[in-house]
Amino acid sequence: MSTRNIEIIVGAFVVLAVLAMVMLSLKVSNLASYGDVGNVYEIRAEFENIGGLKERSPVSAGGVRVGKVADISYNNEQFTAVVTMQIDGDYRFPLDTSASILTAGLLGEQYVGLEPGGDEEYLEDGSEIELTQSALVLEQVIGQFLYSKAQEE
Amino acid sequence: MNGLANFLQAVGHRLLNRFSRIGRGSLFLWQCLLSLGYLLRRPRLLVAQLYSVGVQTLLIILVAGLFVGMVLALQAYIVLVDFGAEESISLMVSLSILRELGPVFTGLLFAGRAGSALTAEIGLMKSTEQLSGMEMMAVNPMKYIIAPRFLAGILSVPMLTAIFMAIAILGGFFVATEMLGIYEGVFWSQMQTKVDFYDDLINGMIKSVVFGFVVVWIAVFEGYDCVPTSEGLGQATTRTVVHGSLAVLGLDFILTALMFNV
Numbered sequence: 054m055s056t057r058n059i060e061i062i063v064g065a066f067v068v069l070a071v072l073a074m075v076m077l078s079l080k081v082s083n084l085a086s087y088g089d090v091g092n093v094y095e096i097r098a099e100f101e102n103i104g105g106l107k108e109r110s111p112v113s114a115g116g117v118r119v120g121k122v123a124d125i126s127y128n129n130e131q132f133t134a135v136v137t138m139q140i141d142g143d144y145r146f147p148l149d150t151s152a153s154i155l156t157a158g159l160l161g162e163q164y165v166g167l168e169p170g171g172d173e174e175y176l177e178d179g180s181e182i183e184l185t186q187s188a189l190v191l192e193q194v195i196g197q198f199l200y201s202k203a204q205e206e
Numbered sequence: 389m390n391g392l393a394n395f396l397q398a399v400g401h402r403l404l405n406r407f408s409r410i411g412r413g414s415l416f417l418w419q420c421l422l423s424l425g426y427l428l429r430r431p432r433l434l435v436a437q438l439y440s441v442g443v444q445t446l447l448i449i450l451v452a453g454l455f456v457g458m459v460l461a462l463q464a465y466i467v468l469v470d471f472g473a474e475e476s477i478s479l480m481v482s483l484s485i486l487r488e489l490g491p492v493f494t495g496l497l498f499a500g501r502a503g504s505a506l507t508a509e510i511g512l513m514k515s516t517e518q519l520s521g522m523e524m525m526a527v528n529p530m531k532y533i534i535a536p537r538f539l540a541g542i543l544s545v546p547m548l549t550a551i552f553m554a555i556a557i558l559g560g561f562f563v564a565t566e567m568l569g570i571y572e573g574v575f576w577s578q579m580q581t582k583v584d585f586y587d588d589l590i591n592g593m594i595k596s597v598v599f600g601f602v603v604v605w606i607a608v609f610e611g612y613d614c615v616p617t618s619e620g621l622g623q624a625t626t627r628t629v630v631h632g633s634l635a636v637l638g639l640d641f642i643l644t645a646l647m648f649n650v
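Listed in order, the protein sequences are those of chains L and V.
Using our numbering, read the first sequence as starting at 54 and increasing by one per residue.
Using our numbering, read the second sequence as starting at 389 and increasing by one per residue.
Source of the hints: derived by calculation from the structure; they are not laboratory data.
It cannot be assumed that every hint is accurate.
Said to hold, decoys possible - One-sided excerpt, in silico: chain V residues whose CB lies under 10 Å from chain L:
#1 G442
#2 I448
#3 A452
#4 L454
#5 L486
#6 F552
#7 L558
#8 I590
#9 I594
#10 V597
Said to hold, decoys possible - Below, in silico cross-link-like pairs of lysine to aspartate or glutamate (EDC-like), each with a Cα-Cα straight-line distance of 20 Å or less:
#11 L:K202 with L:E192
#12 V:K582 with V:E509
#13 L:K107 with V:E488
#14 V:K582 with L:E162
#15 L:K80 with V:D613
#16 V:K582 with L:E192
#17 L:K80 with V:E572
#18 L:K80 with V:E488
#19 V:K582 with L:D124
#20 L:K80 with V:D584
#21 V:K582 with L:E108
#22 L:K107 with L:D141
#23 L:K80 with V:D587
#24 L:K107 with V:E572
Stated by the list, open to error - Cβ pair distances, simulated, as ranges:
#25 V:L422 with L:L79: 54 to 60 Å
#26 L:G104 with V:G425: 52 to 58 Å
#27 V:I590 with L:T137: 22 to 28 Å
All residues carry an ideal CB built from backbone N, CA and C; glycine is no exception.
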């Protein structure tokens, strides 16, 4: 085979590999969502128990995905879990919005659900949600159930 | 008493042989790396080797990737449908392909298809004294023969891995949407929410770079270091495939343990 043909075929091979990489980055993985960090604001919420919540878990309001969990840390003074959420800049929520940790389906992944209140002012970058509700931990629920059963008898 | 002495001597001899091979292998790698600069002035050599090492391995990678993806989708469906979670097919297919199967399969196939060919080619050049002939003509075979093959192999494996991953996921997509009735949008969105660019894709590609480096090193060294007889050449080719494959599997365990902090 002539040198030119070999060069053409090798070129096509390299292009194919680059296309595969682009497809894997944009279509398969979440690289596209790394880009739009510009138009977001961060809010914080403190929970007693976050259950199985992880970084990058979704934040949704009324079933619509409005952001993601950016960071999870532990407050040593209050002994609570601090969840930092990145909310898409297109969405706004009143100051008295409440946050609860919910589970998608019975055994599905956990996410933060936002329930808007009625305040005139809106949450902005750095503000904190006061009203929070912890995750439902299955073991505790079962424990309470058994305890109440035992009391009845 | 004499038997024991003979035994000890044989063990010591083999051990020393091992060490000398490791030593020669490391020196060989060092010389190889030093000769890579020569390729900057002669890129033609590299392109020719990219063709014979990379492009000619492409077909087996495409076919293997397609079938691995399709089989994985079917298997995932059988397990997940019992839990009513068949929509997570795409997640299972993509994570297992990106994290494990893509790099490992490509490494194994590459050792079998291209590694053995590299060893045989270089070994035959050595047996027919082409390498010594070059040295006589003051052409450094390290620069002219070994370095282009070495670099072409190292570049090819990550490219082949990316192609393997992409075609495997497309195969899984085909089976999931056409045969199993999963919605297209669900397939892609499930994948995108859970597959992380750095944790999954980049780690998989790092694995493939490591595998490529080790497999090509073994292949080229076995050829260069083979006993220049037809029997020695056969043994060297076999060793390339066996040692290359074992190295891929062993390193995969170490890299997985390091990357996904278990």
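These are the hints, each one checked on the structure:
1. G442: Holds. Min distance 6 Å.
2. I448: 14 Å, violated
3. A452: Cβ of A452 (chain V) sits 14 Å from chain L, so the hint is violated.
4. L454: Result: violated, 13 Å to nearest chain L Cβ.
5. L486: 7 Å, holds
6. F552: Where the cut-off is 10 Å and the nearest Cβ of chain L is about 8 Å from F552 (chain V), the hint holds.
7. L558: This interface hint holds because 8 Å falls under the 10 Å limit.
8. I590: 9 Å, holds
9. I594: 14 Å, violated
10. V597: 13 Å, violated
11. L:K202 with L:E192: 15 Å, holds
12. V:K582 with V:E509: At roughly 44 Å apart (the allowed maximum being 20 Å), E509 (chain V) and K582 (chain V) break the hint.
13. L:K107 with V:E488: Distance ~23 Å between K107 (chain L) and E488 (chain V) Cα, so the pair is violated.
14. V:K582 with L:E162: 11 Å, holds
15. L:K80 with V:D613: Violated, at roughly 45 Å.
16. V:K582 with L:E192: 26 Å, violated
17. L:K80 with V:E572: Judged against 20 Å, a Cα distance of about 12 Å means the pair holds.
18. L:K80 with V:E488: 19 Å, holds
19. V:K582 with L:D124: Roughly 16 Å between the alpha carbons, so the hint for K582 (chain V) and D124 (chain L) holds.
20. L:K80 with V:D584: 11 Å, holds
21. V:K582 with L:E108: 11 Å, holds
22. L:K107 with L:D141: 18 Å, holds
23. L:K80 with V:D587: 16 Å, holds
24. L:K107 with V:E572: Given that 20 Å is the threshold and the Cα spacing comes to 27 Å, the pair is violated.
25. V:L422 with L:L79: 54 to 60 Å: Violated - the Cβ-Cβ distance for L422 (chain V) and L79 (chain L), about 39 Å, lies outside 54 to 60 Å.
26. L:G104 with V:G425: 52 to 58 Å: About 56 Å separates the Cβ atoms of G104 (chain L) and G425 (chain V), which means 52 to 58 Å holds.
27. V:I590 with L:T137: 22 to 28 Å: 24 Å, holds
In this structure, the earlier hints numbered 2, 3, 4, 9, 10, 12, 13, 15, 16, 24, 25 are contradicted, and the remaining ones agree with it.
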